[in-house]
Amino acid sequence: MSEHDKNLFIEKHPDGYAILRGGVKEPLAVEATQEAAIEKARELDPNAAIHVERVRNVEGGGRDKWRRI
4 MSEHDKNLFI
14 EKHPDGYAIL
24 RGGVKEPLAV
34 EATQEAAIEK
44 ARELDPNAAI
54 HVERVRNVEG
64 GGRDKWRRI
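Counting in my numbering, the sequence shown runs from 4 upward without gaps.
Rather than coming from a laboratory, the hints here were simulated on the basis of the structure.
Ideal Cβ positions, reconstructed from N, Cα and C, are used throughout, including at glycine.
Treat the hints with care, since some could be wrong.
Just the calculated beta-carbon pair ranges, DEER-fashion [stated by the list, open to error]:
#, residue 1, residue 2, range
1, N50, P17, 17 to 25 Å
2, R57, P17, 12 to 20 Å
3, R45, H16, 26 to 34 Å
4, E46, D8, 16 to 24 Å
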C-alpha cells in the first residue's frame, strides 16, 4: 500500500460527505454531516491521516485546499 493509500479524504457529496481512500473512486461511506464523516473515518482506519475538503469556493473556481485533521 503506497503512502497516499493510507490517507482518507472527506469531501462534499450529493448525499452529504463521502469518505474516500487515496487512489479509490468509490466512497468507503457517506455520512450526513462532515463531523459524522470524520468520526466514521476514524473508526474505519484509526491510523490513517484524514484530510477534509474545505467547503468554501475560491476565486479561481472550485474548492479550496485540503486541511489535515
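Hint by hint, here is what the structure shows:
{"no.": "1", "hint": "N50 with P17: 17 to 25 Å", "verdict": "violated (29 Å)"}
{"no.": "2", "hint": "R57 with P17: 12 to 20 Å", "verdict": "holds (18 Å)"}
{"no.": "3", "hint": "R45 with H16: 26 to 34 Å", "verdict": "violated (18 Å)"}
{"no.": "4", "hint": "E46 with D8: 16 to 24 Å", "verdict": "holds (18 Å)"}
Violation of the numbered hints given earlier is confined to hints 1, 3; the remaining hints are satisfied by the structure.
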